[in-house]
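Chains as they are written, first to last, in our numbering: chain A, 1 to 416; chain B, 1 to 416.
Incorrect hints may appear among the rest.
[Claimed, not checked] Derived EDC-like pairs: lysine to aspartate or glutamate, alpha-carbon spacing no greater than 20 Å straight-line:
id	chain 1	residue 1	chain 2	residue 2
1	A	Lys-34	A	Glu-69
2	A	Lys-284	B	Glu-232
3	B	Lys-284	A	Glu-25
4	A	Lys-284	A	Glu-155
5	B	Lys-240	A	Glu-155
6	A	Lys-240	B	Asp-32
7	B	Lys-284	A	Asp-169
8	B	Lys-306	A	Glu-155
9	B	Lys-56	B	Asp-32
10	A	Lys-222	B	Asp-299
11	B	Lys-97	B	Asp-117
12	A	Lys-56	A	Glu-86
13	A	Lys-381	B	Asp-117
14	B	Lys-284	A	Glu-69
15	A	Lys-183	A	Glu-377
16	A	Lys-284	B	Asp-169
17	B	Lys-306	A	Glu-290
18	A	Lys-150	A	Glu-377
19	A	Lys-284	A	Glu-297
20	B	Lys-381	A	Glu-377
21	B	Lys-150	B	Asp-32
22	A	Lys-306	B	Glu-290
23	A	Lys-306	B	Asp-169
24	B	Lys-97	B	Glu-123
25	A	Lys-34	A	Glu-77
26	B	Lys-222	A	Glu-155
27	A	Lys-150	A	Asp-169
28	A	Lys-150	A	Asp-300
29	A	Lys-284	B	Glu-377
Hints were generated in silico from the structure; no laboratory data involved.
There are 2 protein chains.
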Amino acid sequence: MLERIGREVSLAIIGYGCRGQTQMEVLMSMPDVKIVAVCDRYADRMEKAAARVQEKQGHLPFATQNAHEAIACKEAEGVVIMTGWETHIPLAIHALKCGKYPALEVGGACALQECWDLVNASEQAAIPVMLLENCCYNREEMALLRMIRKGVFGEVVHCEGAYSHDLRDEIGLGDVNRHYRQKHFLSRNGELYPTHELGPIAKYLRLNRGNRMVSLVAMASKSAGLRAWLQENRPDTPLKDAQVNQGDVVTTLIKCANGETICLTHDCTTPRPYSRGGVIRGTKGLWQEEGRFIYVEGDDRNPDHKPHHWESDAPFMRDYEHPLWKEYQEFGMRGGHGGMDYLVLRAYVESLQNGTPAPIDVYDTAAWMAVTALSEESIAKGSVPVAVPDFTRGQWMYQRPEDGDIFALDEGTHLE
Amino acid sequence: MLERIGREVSLAIIGYGCRGQTQMEVLMSMPDVKIVAVCDRYADRMEKAAARVQEKQGHLPFATQNAHEAIACKEAEGVVIMTGWETHIPLAIHALKCGKYPALEVGGACALQECWDLVNASEQAAIPVMLLENCCYNREEMALLRMIRKGVFGEVVHCEGAYSHDLRDEIGLGDVNRHYRQKHFLSRNGELYPTHELGPIAKYLRLNRGNRMVSLVAMASKSAGLRAWLQENRPDTPLKDAQVNQGDVVTTLIKCANGETICLTHDCTTPRPYSRGGVIRGTKGLWQEEGRFIYVEGDDRNPDHKPHHWESDAPFMRDYEHPLWKEYQEFGMRGGHGGMDYLVLRAYVESLQNGTPAPIDVYDTAAWMAVTALSEESIAKGSVPVAVPDFTRGQWMYQRPEDGDIFALDEGTHLE
């Protein structure tokens, strides 16, 4: 399937910061994608984007510093939004109102209402929305999805995930480097970036497809890491005494309709190795990302298997490799983040080409992004439980008929 | 100090199940301890206990199936309570009223009020209470305490711990083996057993000595693991269809007065390796028990140190070995659970001999055990935050003058 070249689709690129730059390259590596408009709020980035399209695709795209102008570009049927977090949903809604199919880079919502607004805009326009959650397409997460569907862990009762990423320098230099993260960390306090870990877990637990998140509570630790960094690294600026609102470690507990719990950790302001902190717990065994450990009762595919001891997950990852990833390795992996960026963008492009539903659709997008706003509400109220709205308006009770017809996010795909 | 033999102390042993049997052996290995009374609700265990004292100490102790009779035994000045969880506090209160110094094996409280009752009884009798939390005396936890006091992790912002122990067979056969755990798992739903991990964390964070727990929220996953085990292993008994209330994974978030967060996990009903799930997070680095990983920014004592990569904690454990453990190894480690059982019992015996405060005192005992009752309340109310009472009545704001005068639970001990 990865070999297939479809009809040409024309895209507008909104946001040409770090992420926009790498993702536009991936999109331009696809022979059936044409970049017709580029946009960045900064003139230099806008010009750089236009020049790069000219160089790579041989035509000069429409270039603007105004996102609404880029969205309005007549040729563009899809809009790829890679701006600061707080503008993802407003721009996606605007795209829908202009009849364009928006893809959003990841981030959390600032207000619960905007998640509803996104759902309503998509339903009213009858146009899909896709969240570009690349981690859903990562090799390990897709193998784990297969393990779960094949019953390796028995009945899954609990999952964990994290966005553990030491971003002190990126945040601390945000004003210098024009990075939106700084303002969010100085101002907000919550699970700011849930989707890298929550996305795959949502697929594991069939959220919005027979299950859903019903409530969450969040708790934030004190904020000490970023301030210490600023005092050491920005001593000659007002930032050294800045008020930092974001707690160093924010923990969020989510309860699902079918009884599973999810524990998310957000921490970006203390030194540590990168991790998405994955844990999957079931009645027959468990997997843990840190250390790449697995234990499955009675499964002796590892020669060193013995009761109640960790073992390497490598033989399981080998045996449960997802068919898409087998194909992808033959096809040739490409794009950033170990190859997953290409897959998620390709899924969007195919959905756009074929008029098929988005594999990470507007209900997923709304629910996953809502976790950020809801976690802020919970923390603001002293870690009270808050309800997670049912953005599907009851449709979560049903597995959707289209599941399995689209790109490789579940067992039932045409790949197997 | 471990070489020192003090005045002889006379103890009553209440409860001669698995734990009572091993702990009484440890106590009888001390030349200055005399067992004067033994008690178990089952006649066979009571007789076995008495015979064992006769064999080892050359005298027949007072033996009874009635705990109050054992406590009333005139000779006994201390009472070691190793019964089912639900009787620890009532028996300790009774001991205090009889003028005896009680030591409690670990467990959680069934009701918040009984924690207050314990504090009040201790204050009224002017007699200490000690919780026998052996993990506070474990080698790794004591080395970590030193690392924290020496600033290895910078400012600590978050800790985690777990009681991850596959006890399905013990729970599932509890009716056959007369084990109290079964009733608790069938009936209750909460953080049933918090102290093994919370105890050391409380010492790290100086809880009740300049800091305290102010609130908590708990969330329970569905209950699937024990039922699956019962259906497979007890198919011919009514237990196969028993109502199981305890969630497989219960997660509890605790907020401390000084802004730290603590995340506790309780899981005993799914297959997995044993772990106390320790995590310590600070502004300079972190430690993780699973995999025995550490990362301390800029600390290159490990030759393979590089930014943002895990490394083995072994060189840190070596360099920060607690003085008590250095002495203990020369003295000769003994007793169960890697030697920590001896140390915690010895700390109790010395406190009793010398009339010194308990290193894990009645305020610690009440606060740590209260987490169980509070977690049940939080879960019962839909994961609402509940306040953790200040059992010290304001004294938590002060470091206590006796800290450092007693047995090796902090840096300021006479051992250094």
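So, going through the hints one by one against the coordinates:
For the hint linking Lys-34 of chain A to Glu-69 of chain A, the alpha-carbon distance of about 18 Å falls within 20 Å, and the restraint holds. Only pairs whose Cα atoms come within 20 Å are accepted, and Lys-284 of chain A paired with Glu-232 of chain B is accepted, the gap being roughly 13 Å. Pair hint Lys-284 of chain B plus Glu-25 of chain A does not hold up; C-alpha atoms about 37 Å apart against a cutoff of 20 Å. About 7 Å separates the Cα atoms of Lys-284 of chain A and Glu-155 of chain A, which keeps this hinted pair within 20 Å; it holds.
Only pairs whose Cα atoms come within 20 Å are accepted, and Lys-240 of chain B paired with Glu-155 of chain A is accepted, the gap being roughly 17 Å. Proximity of Lys-240 of chain A to Asp-32 of chain B is assessed by CA-CA distance (about 59 Å); at most 20 Å being required, the pair is judged violated. Between Lys-284 of chain B and Asp-169 of chain A the alpha-carbon distance is near 14 Å, which keeps this suggested pair within the 20 Å criterion. For the proposed pair Lys-306 of chain B and Glu-155 of chain A, the alpha carbon gap of about 39 Å is over 20 Å, so the pair is violated.
Proximity of Lys-56 of chain B to Asp-32 of chain B is assessed by CA-CA distance (about 13 Å); at most 20 Å being required, the pair is judged to hold. Proposed proximity of Lys-222 of chain A and Asp-299 of chain B is contradicted: the alpha carbons are some 24 Å apart, above 20 Å. As the CA atoms of Lys-97 of chain B and Asp-117 of chain B are separated by approximately 11 Å, the hinted pair is consistent with the 20 Å bound. Restraint check: the Cα-Cα separation between Lys-56 of chain A and Glu-86 of chain A comes to about 30 Å, which exceeds 20 Å; the hinted pair is violated.
Simply put, Lys-381 of chain A and Asp-117 of chain B have alpha-carbon atoms about 31 Å apart, too far for the 20 Å limit, and the pair is violated. Taking the CA atoms of Lys-284 of chain B and Glu-69 of chain A, the gap is near 46 Å; set against the 20 Å cutoff, the hint is violated. Taking the CA atoms of Lys-183 of chain A and Glu-377 of chain A, the gap is near 18 Å; set against the 20 Å cutoff, the hint holds. For the given pair, Lys-284 of chain A sits about 14 Å from Asp-169 of chain B by alpha-carbon distance, which is consistent with the 20 Å threshold.
At roughly 17 Å between alpha-carbon atoms, Lys-306 of chain B and Glu-290 of chain A fall within 20 Å of each other, so this suggested pair holds. In summary, the hint linking Lys-150 of chain A to Glu-377 of chain A is not supported, as the alpha carbons are separated by about 37 Å, beyond the 20 Å threshold. With a CA separation close to 6 Å, the supplied pair Lys-284 of chain A and Glu-297 of chain A stays within the 20 Å bound. Between Lys-381 of chain B and Glu-377 of chain A the CA atoms are separated by roughly 19 Å; this keeps the pair inside 20 Å, and the hint holds.
For the hint pairing Lys-150 of chain B with Asp-32 of chain B, the CA-to-CA distance comes to about 35 Å; that exceeds 20 Å, so the pair is violated. A distance of roughly 17 Å separates the Cα atoms of Lys-306 of chain A and Glu-290 of chain B; the hinted pair therefore holds under the 20 Å criterion. Of the pairs offered as hints, the one joining Lys-306 of chain A and Asp-169 of chain B holds, with about 17 Å between alpha carbons and a cut-off of 20 Å not exceeded. Between Lys-97 of chain B and Glu-123 of chain B the alpha-carbon distance is near 11 Å, which keeps this suggested pair within the 20 Å criterion.
Between the alpha carbons of Lys-34 of chain A and Glu-77 of chain A the distance comes to roughly 10 Å, so the proposed pair stays at or under 20 Å and holds. Between the alpha carbons of Lys-222 of chain B and Glu-155 of chain A the distance comes to roughly 10 Å, so the proposed pair stays at or under 20 Å and holds. Between the alpha carbons of Lys-150 of chain A and Asp-169 of chain A the distance comes to roughly 42 Å, so the proposed pair goes past 20 Å and is violated. Taking the CA atoms of Lys-150 of chain A and Asp-300 of chain A, the gap is about 17 Å. The hint holds against a cut of 20 Å.
For the given pair, Lys-284 of chain A sits about 29 Å from Glu-377 of chain B by alpha-carbon distance, which is inconsistent with the 20 Å threshold.
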